[in-house]
Amino acid sequence: MTAAKAGQGVGPIIREWRRRRKLSQNELALRADTSARHLSFVETGRSTPSRALLHRLADGLDVPLRQRNTLLVAAGYSPQYQETPLDAPRLQVVRDAIERLIAAHSPYPALAVDVDENIVAMNLGTELLLRDVSPRLLVPPVNLMRVCLHPEGLVRQVVNVEDWRNHLLGRLYRQSVYSGRESLRALYEEMSAYGPATATESQDLADPIVACVHMHGLGAELRLFSTVTTFGAATDITVAELSLETMHPADPGTAEAFLAATFTGIPRGLAGPAGDVVSSGPLRVGAEDQDGGGDAADDERDQGGAERRRVVGGGRGAERGEEHGAGERDADRGATFLRGVHRS
Numbered sequence: 001m002t003a004a005k006a007g008q009g010v011g012p013i014i015r016e017w018r019r020r021r022k023l024s025q026n027e028l029a030l031r032a033d034t035s036a037r038h039l040s041f042v043e044t045g046r047s048t049p050s051r052a053l054l055h056r057l058a059d060g061l062d063v064p065l066r067q068r069n070t071l072l073v074a075a076g077y078s079p080q081y082q083e084t085p086l087d088a089p090r091l092q093v094v095r096d097a098i099e100r101l102i103a104a105h106s107p108y109p110a111l112a113v114d115v116d117e118n119i120v121a122m123n124l125g126t127e128l129l130l131r132d133v134s135p136r137l138l139v140p141p142v143n144l145m146r147v148c149l150h151p152e153g154l155v156r157q158v159v160n161v162e163d164w165r166n167h168l169l170g171r172l173y174r175q176s177v178y179s180g181r182e183s184l185r186a187l188y189e190e191m192s193a194y195g196p197a198t199a200t201e202s203q204d205l206a207d208p209i210v211a212c213v214h215m216h217g218l219g220a221e222l223r224l225f226s227t228v229t230t231f232g233a234a235t236d237i238t239v240a241e242l243s244l245e246t247m248h249p250a251d252p253g254t255a256e257a258f259l260a261a262t263f264t265g266i267p268r269g270l271a272g273p274a275g276d277v278v279s280s281g282p283l284r285v286g287a288e289d290q291d292g293g294g295d296a297a298d299d300e301r302d303q304g305g306a307e308r309r310r311v312v313g314g315g316r317g318a319e320r321g322e323e324h325g326a327g328e329r330d331a332d333r334g335a336t337f338l339r340g341v342h343r344s
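Just so you know, the sequence shown maps onto residues 1 to 344 in the numbering used here.
These aren't lab readings, by the way, just hints derived from the structure by calculation. Hints are supplied without guarantee of correctness; some may be wrong.
Straight-line distance between alpha carbons at most 20 Å, and here's what the computed SDA-like set of lysine to any residue pairs gives [claimed, not checked]:
| # | residue 1 | residue 2 |
| --- | --- | --- |
| 1 | K22 | S176 |
| 2 | K22 | D33 |
| 3 | K22 | S35 |
| 4 | K22 | R185 |
| 5 | K22 | R171 |
| 6 | K22 | D62 |
All of these numbers come straight from a predicted model, not from anything done at the bench.
Full structure from sequences and hints, please.
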């Protein structure tokens with residue numbers, strides 16, 4: 001929407017963002033340290049804002065970095081914010097942070113998603129949670145909302161499906177409004193077309209403490225709640241649009257189910273385009289393990305970890321295992337970074 005108006009100058013884009021944020025000209029002018037009269041001139045095209053004023057207006061409107069570049073270009077300035085591919089060397093520190101955070105949350109599910117809700121990384125707990133999801137929903141780019149709300153996704157396992165669905169749709173709608181992204185609006189409309197599973201009885205989503213999802217999985221009744229983390233003060237578009245979601249057990253039974261599944265479950269794994277196996281995050285190998293050291297118990301745990309890391313090639317349907325060597329017994333607690341995530 002904002003891109004379509006870019007050819008008309010920056011004024012209509014600023015006015016659109018102001019209306020999206022439900023601010024009057026006086027309120028925005030106060031936030032941007034300018035006069036309402038000057039802001040009116042900017043919105044109607046009678047005045048061209050300076051680069052400094054544009055930044056103040058963007059701050060006052062809480063405009064995301066990607067759309068700030070649109071504002072700058074529409075006003076005749078060069079874009080300021082870079083968009084670096086997540087697999088670029090420049091973002092190694094970000095990938096390390098993602099892996100560290102979601103690995104530390106093991107055995108419970110944790111994942112990272114981009115602005116369009118595509119999963120870019122996950123831990124073993126997430127793979128275990130998704131092992132009953134239709135394989136066609138697990139071909140990268142894997143969209144979290146489709147995985148959750150598609151009739152062949154997690155919704156089949158959810159007990160309080162109607163309220164959980166409304167919770168996710170509300171979140172997606174707010175994200176589409178905040179970002180102004182047409183892709184999120186289209187995703188919201190697609191997800192809205194999926195009705196709740198008719199065979200599942202709806203129950204209350206919230207308990208007295210926190211909203212939970214109640215579902216069947218891992219051979220148990222699971223109750224989970226989630227937290228979302230973002231990168232503070234990001235100056236790169238890719239980093240600013242990443243968020244990390246961690247799911248926490250809401251009762252002892254759920255915690256025990258994930259602990260048990262970590263050591264006994266074999267997740268199906270994810271397949272890339274044409275059946276390519278997804279790439280894994282860097283593995284931490286100790287000096288003793290590099291020398292082939294370790295006792296019989298270590299070797300047994302290594303073998304078990306390699307077994308849990310087997311994946312299935314989607315396009316060919318042939319099971320392929322990555323046999324990791326000694327010293328990688330903790331790798332099953334790490335992160336899996338997915339290929340095939342595209343951003344428009």
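The hints, checked one at a time:
Restraint check: the Cα-Cα separation between K22 and S176 comes to about 15 Å, which is no more than 20 Å; the hinted pair holds. For a cut-off of 20 Å, the pair hint linking K22 to D33 stands: about 18 Å separates their Cα positions. For a cut-off of 20 Å, the pair hint linking K22 to S35 stands: about 18 Å separates their Cα positions. With a C-alpha separation of about 19 Å, the suggested pairing of K22 with R185 holds against the 20 Å cut-off.
At most 20 Å may separate the alpha-carbon atoms for a hinted pair to count; K22 and R171 meet this at roughly 19 Å. This hinted pair checks out: K22 and D62 have alpha carbons roughly 12 Å apart, not beyond 20 Å.
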